[in-house]
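Participant: Let the sequences and hints guide you as you build the complete structure.
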Amino acid sequence: MKKVMIITCTCILLGIFILIMNSGGLLKQSFMDGDDVETLLRNLNEDIVESDWKKGQEDIEKLKDAWDMVSKRVQFSVERNNLMGIELSIARLKGSIRGKNKEQSLIGYEELISYWNNLEE
Amino acid sequence: MNESIVVIVRGVIGFFSLLIFTRLLGKQQVSQLTLFEYILGITIGSMASTLTTDLSSAAWPHWVGLVVWATLVYLVQVLTLKFPVISEYINGKPRVLIANGKILEKNLKKLRYNLFELLEQLRMNNIFDINQVEFAVLETNGKLTVLKKSQFQSLTPKDMNLSTDYMGLSTELIYNGVVMEHNLEKIDLDEKWLDSQLKTRGIKNPLEVYLAVINTSGELYIDLYKDHMDDKSL
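So the protein lines, in turn, are chains A and B. Counting along the first sequence from 1, when you hit position 84 you're at 84 in the UniProt record's numbering, and nothing is skipped either side. Counting along the second sequence from 1, when you hit position 207 you're at 207 in the UniProt record's numbering, and nothing is skipped either side.
Read the hints as simulated data drawn from the structure, not as lab findings. For glycine and all other residues, C-beta sits at the position ideal for the given N, C-alpha and C.
Straight-line distance between alpha carbons at most 35 Å, and here's what the computed DSBU-like set of lysine-lysine pairs gives: (1) K3(A) / K186(B); (2) K72(A) / K28(A); (3) K3(A) / K82(B); (4) K186(B) / K2(A); (5) K148(B) / K102(B); (6) K186(B) / K158(B); (7) K148(B) / K110(B); (8) K28(A) / K100(A); (9) K2(A) / K192(B); (10) K158(B) / K102(B); (11) K82(B) / K2(A); (12) K93(B) / K149(B); (13) K110(B) / K143(B); (14) K55(A) / K100(A); (15) K55(A) / K28(A).
Per the computed footprint, the stretches of chain A lying under chain B, defined by three or more beta-carbons under 8 Å from a beta-carbon of chain B, are: (16) 15-23; (17) 73-83.
Facilitator: Right, dumping it as structure tokens:
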């Protein structure tokens, strides 16, 4: 009985470790209001394509807040470079939206999407 | 990114993973490890430390590396147990360095072992005169096993035809002031008996005792917290 308990606890512990290390894909999903990065990225894309810079500035701020929430959850399972990459992409995108530069905004957006998609890998 | 918290979480994962894997890989002591096992240990430990502090890469690949190495070590251990030939290939085999009192220079050369290292190892076996050695074998863990010439071997009770009493393992009765009841039960004794033994030695409470053990002859050894010794003189 004691041996079974030890083996079970060990397996559970290893299971928890595996879950923590692979939880990036799951934890980047939205769980509450204001942390839906996917939707905000889609909105931002529309804003840039339609050159709606006012709404774009609002959406990038919302995206920044959403990312702050998500990054706290996924930080245990992803690479630091990816987290820093997303931070920098958001900052760059923020600047290009403020400068109303469509070309730079699209480049920044694609970069951000690329980092976001690679986050779970 | 809160790096400290990430390092703490990854540290916990690395620590307990290493603990679990090393428990699975047996209980050999460092002195019993072969050179190969020693290097394996260093590599696995290095992976666990990278898993903890290298935040530039995700923890998962390092953990998988840890699992792969631990699994391979386990498989090699199983194979060496079943097939002595593989064991000999991986761990090497013991080599005779002194046979019938004569140093085998060829074997020393093969092992890249010099005379001074041999003499040092002999001294570590309490042999300061090479004349006393009949055989010396270098084991796979790097230790030298020595067989002294018969005239230099210690005298045993058997040589003197003396009968000796059985000497088994001692049993702990009190540790850190706590009476170990299950150990008392094992040897058919009870707390009452222990109390009376303590009282005869002027001990009022088991809490005063750091360690109490009883040997198979029924002799009690008691060590108190207060040793009444001047620490400065030690």
